[in-house]
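Novice: Spelled out, the chains give:
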Amino acid sequence: MTDMSRLPTPDGASDAAPGSILSLRGISKHFPIRAGALQRVVGHVRAVDGVSFDIRPGETLGLVGESGCGKTTLGRLASGLLSPTSGGSYFNLDAAALSKLNAAYALPEDARAAALAPIEAAHGVTTMPKAAQARFRRNCQMVFQDSFSSLNPRHLVIDIVGRPLRVHKEASGEALTERVVELLEQVGLGRQHLYRYPHQFSGGQRQRISIARALALDPELIILDEPTSALDVSVQAQILNLLNDLQAERNLAYLFVTHDLSVVEHMADRIVTMYLGRVVEAGPTRTLFDEAAHPYTRALIAAKPDLAMDDPQVAKFAALDGSIPDPARPPRGCHFHTRCPVATPNCGWELDDIVRLLERSEDLFEALSDVSRHSDFAGELAFEDEDSAQRLAQALRSDATPASMRSAMESLTVDGRMLKVRFKEVGEVQLSDRGPDHIAACVLKDA
Amino acid sequence: MSISKTDTTGAQTVAPATIASVRGLKVHFRSKAGRVHAVDGVDFDVRDGETLGLVGETGCGKSVTGRAFLRLLPVPPGILAGGSVMFRPQTSCAGCGGEGCAQCGGSGRRPTPCPTCRGQGCPDCQGTGAETLDLLKVSDKKMRGIRGDRIAMIFQDPGKSLNPTLTIGEQLGEVFLQHRSADLLEEAGIDSGESGFQARALRRLAGQRDRRTDRMAAALWPPLRRRAQSVRQALDNRIAAALGETQIPNPRNIMRSYPHELSGGMRQRVMIAQALACDPDLIIADEPTTALDVTVQARILDLIGQLQAKRGSSVIYISHDLSVVRRICDRVAVMYAGRVVEIGETDQIFNDPRHPYTKGLLAAVPTTRTPRGKLAAIPGSVPELVDPKPSCRFADRCAHVHAACTASDPILSAVNPGHDVACFLEHPTSPKTEAAE
Amino acid sequence: MVNTNIDGAPTRRRQDSALRVRLRRGGELLRLILSNPTTVFGLILIFGMLGMALFAPWLTQPNTPDPYQMPRDWGALRMPPGTPGHPLGTTNTGGDVLYGVIWGSRTSLQLSIIVVGVTVVIGTAIGSIAGMVGGKVDEILMRIVDVFLSIPELIFALAIAAILGPSFTNIILSLCLVFWVKYARIMRAQIILVKQNDYVDAARVIGDSRLNIYFRDILPNAATPLVVQATLDMGAIVLIGATLSFIGLSESGIAEWGVLVSEGQAGIASGRWWASTFPGLMIFLWALAFNLLGDGLRDALDPRTESRR
Chain B
1 MTDMSRLPTP DGASDAAPGS ILSLRGISKH FPIRAGALQR VVGHVRAVDG
51 VSFDIRPGET LGLVGESGCG KTTLGRLASG LLSPTSGGSY FNLDAAALSK
101 LNAAYALPED ARAAALAPIE AAHGVTTMPK AAQARFRRNC QMVFQDSFSS
151 LNPRHLVIDI VGRPLRVHKE ASGEALTERV VELLEQVGLG RQHLYRYPHQ
201 FSGGQRQRIS IARALALDPE LIILDEPTSA LDVSVQAQIL NLLNDLQAER
251 NLAYLFVTHD LSVVEHMADR IVTMYLGRVV EAGPTRTLFD EAAHPYTRAL
301 IAAKPDLAMD DPQVAKFAAL DGSIPDPARP PRGCHFHTRC PVATPNCGWE
351 LDDIVRLLER SEDLFEALSD VSRHSDFAGE LAFEDEDSAQ RLAQALRSDA
401 TPASMRSAME SLTVDGRMLK VRFKEVGEVQ LSDRGPDHIA ACVLKDA
Chain F
1 MSISKTDTTG AQTVAPATIA SVRGLKVHFR SKAGRVHAVD GVDFDVRDGE
51 TLGLVGETGC GKSVTGRAFL RLLPVPPGIL AGGSVMFRPQ TSCAGCGGEG
101 CAQCGGSGRR PTPCPTCRGQ GCPDCQGTGA ETLDLLKVSD KKMRGIRGDR
151 IAMIFQDPGK SLNPTLTIGE QLGEVFLQHR SADLLEEAGI DSGESGFQAR
201 ALRRLAGQRD RRTDRMAAAL WPPLRRRAQS VRQALDNRIA AALGETQIPN
251 PRNIMRSYPH ELSGGMRQRV MIAQALACDP DLIIADEPTT ALDVTVQARI
301 LDLIGQLQAK RGSSVIYISH DLSVVRRICD RVAVMYAGRV VEIGETDQIF
351 NDPRHPYTKG LLAAVPTTRT PRGKLAAIPG SVPELVDPKP SCRFADRCAH
401 VHAACTASDP ILSAVNPGHD VACFLEHPTS PKTEAAE
Chain S
1 MVNTNIDGAP TRRRQDSALR VRLRRGGELL RLILSNPTTV FGLILIFGML
51 GMALFAPWLT QPNTPDPYQM PRDWGALRMP PGTPGHPLGT TNTGGDVLYG
101 VIWGSRTSLQ LSIIVVGVTV VIGTAIGSIA GMVGGKVDEI LMRIVDVFLS
151 IPELIFALAI AAILGPSFTN IILSLCLVFW VKYARIMRAQ IILVKQNDYV
201 DAARVIGDSR LNIYFRDILP NAATPLVVQA TLDMGAIVLI GATLSFIGLS
251 ESGIAEWGVL VSEGQAGIAS GRWWASTFPG LMIFLWALAF NLLGDGLRDA
301 LDPRTESRR
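Sequences listed follow chains B, F and S, in order. Letter by letter, the first sequence follows residues 1 to 447 in the numbering used here. Letter by letter, the second sequence follows residues 1 to 437 in the numbering used here. Letter by letter, the third sequence follows residues 1 to 309 in the numbering used here.
Looking at chain B on its own, in the form it has when it is part of the complex (with noise of 0.2 Å):
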């Protein structure tokens, strides 16, 4: 779990600071695995795994990464469409409001839930009193990656888009009518397309008539999940435009959920990047982009072709190495630790880096025949015969094996046919302050 109290902080936080109106705090998500006849629970996907932060009134928050880091699962977190296996979710928290809530989770677990209370009776998003909850639910809107699973393929653009009107009892009839033209012709519609289908529309017309539906409750947060990913270029490009005006208008505040760093460049004030499940770094945009201080958040934009020639400097972070370890079983320490290029020995090397290792080099996986742990960081790997003990014990002190992992080794012995191993023990790795309003989780304090 991250350290609550590192959090980004609006510079100089006054009275006259907006406060937020989301914030998250040590969300997580986990997803049971089952197995055997009786449906077993064996273990945990931690998809979203202790993540915080806010979101101010009228500003984009872009959420980053690649697939399987949870982001798609924490924007349905935010949303209100799944909900958390521990953690809290907060609305519509003012100054005051949001400056206490941080107060509570700067406090330690036990006096924390005392602290908490009015904030959560008041505020929180499941503890809330039901017209509350329901304000909650009118002004938190969300708008689909997929516009075509995203609209009902039955029902006309008048019920979809009238929908959140009908629901909430706003309007009926001709004034219902009226207001959803109003809402179509704020995203570049029109009268004509009220009663047709879904499917008599391209993608992009598509994810306006999605818009126009998240719209048509005049909310205050809109979660945009991948808005514009299986958009064409020129299309994204009026999407976005649309975007832009409608927050203007509406000082509308997004979470901006999307793998492509250059429209999250384009559209967002500060960005979270997130890495299996953490947060690994948050901060302003230009900030990130122009002086990251997590590796993975410098691979991601070394990895993005810019329509800039390349810097041949960042050539060190483009090719990554590996692939995303499996989230059931994440790294000890820094996630990242197993693919980051400038790791260190405090990163977080264990035992599972060498049964990794071990994957790659079939037969010496082959003679692998019992693993035993102490802990994740000591253990003990019986092979079938001595050689093949040896041949890893060789590799693991040979250049094959990445230099901090070798530091990181505190001992290692071969007795027979085992192998016998232990790692430096290190914590997780806590995001620390690199700056006003930024921050990240990395060992390295001048990567």
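These are calculated hints, taken from the structure and not from any lab test. Please note that the accuracy of each hint is not assured.
Think about it this way: if two alpha-carbon atoms lie no more than 27 Å apart in a straight line, the pair counts; the simulated DSSO-like pairs of lysine-lysine are [said to hold, decoys possible]:
#1 Lys-359(F) - Lys-304(B)
#2 Lys-32(F) - Lys-304(B)
#3 Lys-420(B) - Lys-445(B)
#4 Lys-304(B) - Lys-389(F)
#5 Lys-389(F) - Lys-32(F)
#6 Lys-26(F) - Lys-359(F)
#7 Lys-160(F) - Lys-195(S)
#8 Lys-374(F) - Lys-304(B)
#9 Lys-130(B) - Lys-195(S)
Which chain B residues stay away from chain F? Per the calculated CB distances, all over 12 Å, these [said to hold, decoys possible]:
#10 Thr-85
#11 Gln-192
#12 Leu-217
#13 Asp-218
#14 Thr-285
#15 Lys-304
#16 Arg-397
Label pairs and their computed distance ranges (CB to CB) [claimed, not checked]:
#17 Asp-376(B) - Ser-31(F): 56 to 62 Å
#18 Asp-302(S) - Arg-215(F): 35 to 41 Å
#19 Ala-95(B) - Ser-31(F): 56 to 62 Å
#20 Ile-33(B) - Gly-159(F): 20 to 26 Å
#21 Arg-40(B) - Ala-376(F): 53 to 59 Å
#22 Leu-154(S) - Lys-141(F): 47 to 53 Å
#23 Lys-136(S) - Ala-376(F): 54 to 60 Å
#24 Asp-302(S) - Gly-159(F): 19 to 25 Å
#25 Val-42(B) - Thr-169(S): 49 to 55 Å
Since the structure is predicted, the reported quantities are computational estimates derived from the model, not experimental observations. The beta-carbon is built from N, C-alpha and C at its ideal position, and this holds for glycine as well.
Go by the hints and put chains F and S onto chain B.
Specialist: Same frame as chain B, but now just chains F and S:
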């Protein structure tokens, strides 16, 4: 070197250093609304060893063009309505056996001599002496021989392009069994001159034409079984080598896995391995990295570049992502509504775009410099291509449209050496296209 | 405002309304269904048999006191077709075969409508609960369904009918008890599929109630395979009902095609083919007609054809 343009008589020429040449390609589709002109008069060349980018948005016809090379279009709704795709297959250079020498310019490959005239020059090969095939007109049998062997394709979504019921080894094995069975038999020590029941059975097994009797015999009769196993060994070695080339860790293990057990990046590597298995002359990559994460994409692009440089194959890279195209392509062709509207060296296209659509496309990509809300969005949308009239297809969305634009089709003409544009603004007096159809 | 074009959709008059658009869409669907000649053939057959059932009292004189009992005319036993007054011949108890054919269509209609109606309702309800609620409830319901499905439908229906005693009502009852599982399975699978669509989540984000979401979003989109299956079952039910009647689980002497086939069967060896053949032919035509219609519906409602419209 500029493209040799079609001469006025419309004869199709293939300049010596090109491996493929598309002229006037038209692919139409029958639909309820009428005849959709998905690809309507596409011209470009693919030079030996280059990476040509085919760029455009949804509906521009780039995928259909790519598939036309392999005749992978469903023919009842699709109609090959005209044009030609001339292809010159290559073989190992006789002088150096594929190593590289002065004769073949270091690549180890030379164009296959024309079977009719054996390299002298004749009408069949248009005087070049190299075997020249019109891929739209060759027989199905010949096409099957070319697919996977001389021309290969990398598809967009590896999750959907790999057979989920076959292991990786089985899928890659198919390519080798189809095209390289003779080599496999040789590697297994079976003499090509050998005759008799065993040899015939082995040839059938290796060529995927085996009958049940062959399989039973191979299972039951030890000598045959041993020899079939050595063929199997040779095959496995080849598969492992192909997988290893794409930097897949632990190829033998992967060979036994099923596609769903691999990650997206690995699957795409498998696809690349499959495409490169028989050392093709031309690779058609249809948005190979669209379905992948950014970091994986970077590595796959590097890999494609490396492999291509090593073998000297040409690549047609189809994509809608301009930034990727900029990074890896030598030349770029921009397509819109079934036509090529601009083609040239990468630098020319990106630094000096001439066609309003290209300019609009480049301006629509969000970059650091663009202020928010001011992305240059091209108004309108792609026109329906049902029975279109002669006119510039971009006319109704173009800011500089004038009378000539809606009167006839613009044709590609040079603005700079190597840089062609089809626009009346650049060529107000470009000759009208001949009445095609 | 950005200019927009809807590709291919012609402009309509201003007075378009939701109702008109939906009717138009229904009309297109109908046209699509009717474009297939075999479907049209099936429809013609169905209308023919429906007509027969509807106008039965006017087509032949109903028997008294119970029109569903075959009339017994001891003076006209075992007459071949073509006999005056008995165009299709008579049975071995003097019943007019034509009478049996016409009134049999009524019994078949009753049978199929009741059974299909009841099973669809029960199956949809159970399948919906399983699909919507999920978890343990889903598990339990599906295990019950599995048990039912492990017994072949015909044998199961046979067993129940045998236990309850031979009568037409009991056949209906046993078929209802057996055939609902299919729909439960289909409905549950469809609901799980439909729930994956974003528009269901969108409705939740709007704040709509689960019940509303079920009726407005999930059910209409999940129902298509059910409609096809129900149509096919209209034919299959009569076939199975006839089988049960044939082996004697129904009352003897009633105007029901299966019973007639059974009773006329003995005469075939003696060359009296008509008493079994004509009712048998009707069973065949009924099943054929609904199968053709069901197939045509399946093709027309196929989502791939939907997107082409």
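Novice: Going straight from one Cα to the other, do Lys-32(F) and Lys-304(B) come out at no more than 27 Å?
Specialist: Between Lys-32(F) and Lys-304(B) the Cα gap is close to 42 Å, so the pair fails against 27 Å, i.e. violated.
Novice: Checking the smallest CB distance to chain F, is Lys-304(B) really beyond 12 Å?
Specialist: violated, 6 Å
Novice: Does the claim that Arg-397(B) lies off the interface hold, with its Cβ farther than 12 Å from every Cβ of chain F?
Specialist: holds, 20 Å
Novice: Using the beta carbons of Lys-136(S) and Ala-376(F), state whether their distance is inside 54 to 60 Å or not.
Specialist: Distance hint for Lys-136(S), Ala-376(F) holds at roughly 56 Å.
Novice: Against the range 19 to 25 Å, how does the distance between the Cβ atoms of Asp-302(S) and Gly-159(F) compare: consistent or not?
Specialist: holds, 24 Å
Novice: Taking the CB of Val-42(B) and the CB of Thr-169(S), does the distance hold inside 49 to 55 Å?
Specialist: holds, 52 Å
Novice: Confirm or reject the statement that Thr-285(B) sits farther than 12 Å, beta carbon to beta carbon, from all of chain F.
Specialist: Contrary to the label, Thr-285(B) does not stay out of reach of chain F, its closest Cβ about 10 Å off (not over 12 Å).
Novice: For the pair we were handed, Lys-359(F) and Lys-304(B), check the Cα-Cα distance against 27 Å.
Specialist: This hinted pair holds, its Cα atoms lying about 21 Å apart.
Novice: Quick check for students: does the CB of Leu-217(B) sit more than 12 Å from each CB in chain F?
Specialist: The claim stands: Leu-217(B) keeps its Cβ more than 12 Å from every Cβ of chain F (closest is about 24 Å).
Novice: Straight-line Cα separation of Lys-160(F) and Lys-195(S) no greater than 27 Å?
Specialist: Between Lys-160(F) and Lys-195(S) the Cα gap is close to 23 Å, so the pair holds against 27 Å.
Novice: CB of Asp-302(S) to CB of Arg-215(F), is that within 35 to 41 Å?
Specialist: The hint (35 to 41 Å, Cβ to Cβ) holds, given that Asp-302(S) and Arg-215(F) are roughly 39 Å apart.
Novice: Do Asp-376(B) and Ser-31(F) keep their Cβ atoms within the hinted range of 56 to 62 Å?
Specialist: holds, 60 Å
The earlier numbered hints that this structure contradicts are 2, 3, 4, 14, 15.
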